[in-house]
Each structure stands twice: as structure tokens, then as C-alpha cells.
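Undergrad: Sequence:
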Amino acid sequence: YDLVLFDVFSGASIPSHTLTKEAFAELAQIVAPNGAVILNGGVATHKPPSDDRFVNSIVGSAETVFENAVAFWGNEPRYSNIIFFFSPKIAPKINLPTIEAGAKTTILTDDFNPIEYYGLDRNLQVIQTLRKIFLPALL
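Take the sequence shown: its position 66, counting from 1, is numbered 92 in our numbering, and each next residue is one higher.
Among the clues, some could well be false.
Said to hold, decoys possible - Label-pair distances were calculated between CB atoms; the ranges are: (1) 163 x 28: 36 to 42 Å; (2) 48 x 158: 36 to 42 Å; (3) 164 x 48: 39 to 45 Å; (4) 93 x 153: 32 to 38 Å; (5) 28 x 135: 24 to 30 Å; (6) 162 x 115: 43 to 49 Å; (7) 32 x 154: 23 to 29 Å; (8) 157 x 60: 38 to 44 Å; (9) 128 x 107: 18 to 24 Å; (10) 66 x 146: 15 to 21 Å; (11) 122 x 154: 20 to 26 Å; (12) 93 x 154: 35 to 41 Å; (13) 163 x 100: 20 to 26 Å.
What the hints assert, rightly or not - Straight-line Cα separation of at most 27 Å, DSS-like style, residue types lysine-lysine; simulated pairs: (14) 47 x 119; (15) 115 x 47; (16) 47 x 130; (17) 130 x 119; (18) 115 x 130.
Simulated from the structure, these hints should not be mistaken for lab results.
Even for Gly, the Cβ is constructed at its ideal location relative to N, Cα and C.
Please work from the sequences and hints to get the whole structure.
TA: Structure (C-alpha cells):
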């Protein structure tokens, strides 16, 4: 495929088994050499720092099978989605702030995958922010 859009959630998080190097290897088998995988990483209430274990571990795990792996952060003031881009050959041409794998990278595998733990604080912040935004409209 030229493009694989990946938008899988279970509650407020991405199922951990879909973020391992083994899962990315399966995606790499179906993506054309000049194709790409776009993964919705969910909402974040602030730009993740360069040492964010959640983002770094997803990018680092994807880098085990894709030549290009990067995360993008939108420009919304209160919250924005983290979008991951993986490709066998092409580099993304998107004018948004990027986050690349840093020092705090854990390669996620089918045997070792603490990604849900890494995302707990972020998920809690998102839920609290969305409550503040939408709860008054419901009362």
C-alpha cells in the first residue's frame, strides 16, 4: 500500500500490542517502498519533551524496521494530536514541530512493552483537560 492510516484506540490509549517492533515489522511488509504509515498517537495537552518515554519508545521501535520514523506535534494552543510517520524510504515534508527518538528510548517488543505505563500521566492530563472543556457544556 502507498499509505496505511493507523488510528486504533482502546479507551484513552493505543493497544500496546500494536506498538511493538514485531507489529511494525508486519506493517512494513505491506507498505510500498515509497509509501508511509501514519499513526494517530492521540491527544496530548502539551508538546511532549524530547525525553518523553512514550513518544521516544514508539519512534525507536518503529526505527527498528523503518528508515524514517518521526513524531509530529500540532500547533494547537491547548491540546493537539501526536502524529507518527514511518516510511521505508521517504522522509516526511510537513511543517510541524518534530520529535525524534531520544536517549530515553525503550524498544517495545511482544515480550517487553511498558508503553501503557509510560503513557499514564499523559492520558490522565488529557482526560482532565477534556473534562474542563466539555463538562461545563453538559451541566
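Undergrad: Each of the hints needs a verdict: does it hold here or not?
TA: Status of the hints after comparison with the structure:
1. At about 40 Å, the beta-carbon gap between residue 163 and residue 28 stays in the expected band of 36 to 42 Å.
2. Separation of residue 48 from residue 158 is about 38 Å and conforms to the stated range, judged on CB atoms against 36 to 42 Å.
3. In this structure the hint that residue 164 and residue 48 lie 39 to 45 Å apart at CB holds, the actual value being about 41 Å.
4. Range check, residue 93 to residue 153: Cβ separation about 35 Å, and the 32 to 38 Å hint holds.
5. The beta-carbon spacing between residue 28 and residue 135, approximately 28 Å, falls within the hinted interval of 24 to 30 Å.
6. Distance hint check: the CB atoms of residue 162 and residue 115 are about 48 Å apart, consistent with the given range 43 to 49 Å.
7. Distance hint for residue 32 and residue 154: a CB-CB separation of about 26 Å, consistent with the stated range 23 to 29 Å.
8. At roughly 42 Å, the beta-carbon separation of residue 157 and residue 60 lies within the given 38 to 44 Å, and the hint holds.
9. A hinted range of 18 to 24 Å for the beta carbons of residue 128 and residue 107 is consistent with their spacing of about 20 Å.
10. Checked against the hint of 15 to 21 Å, the pair residue 66 and residue 146 passes, with Cβ atoms roughly 19 Å apart.
11. Taking 20 to 26 Å as the suggested C-beta distance range, the pair residue 122 and residue 154 conforms, at roughly 25 Å.
12. Taking 35 to 41 Å as the suggested C-beta distance range, the pair residue 93 and residue 154 conforms, at roughly 38 Å.
13. Taking 20 to 26 Å as the suggested C-beta distance range, the pair residue 163 and residue 100 conforms, at roughly 23 Å.
14. As the CA atoms of residue 47 and residue 119 are separated by approximately 24 Å, the hinted pair is consistent with the 27 Å bound.
15. With a C-alpha separation of about 18 Å, the suggested pair residue 115 and residue 47 falls inside the 27 Å cut-off, and the hint holds.
16. The suggested pairing of residue 47 with residue 130 holds, with an alpha-carbon distance near 16 Å, which does not exceed 27 Å.
17. Note on residue 130 and residue 119: the hinted pairing holds, with a Cα-Cα distance of about 26 Å set against a maximum of 27 Å.
18. The straight-line distance between the Cα atoms of residue 115 and residue 130 is roughly 25 Å, inside the 27 Å bound, and the hint therefore holds.
Every hint, counting from the list given before, is met by this structure.
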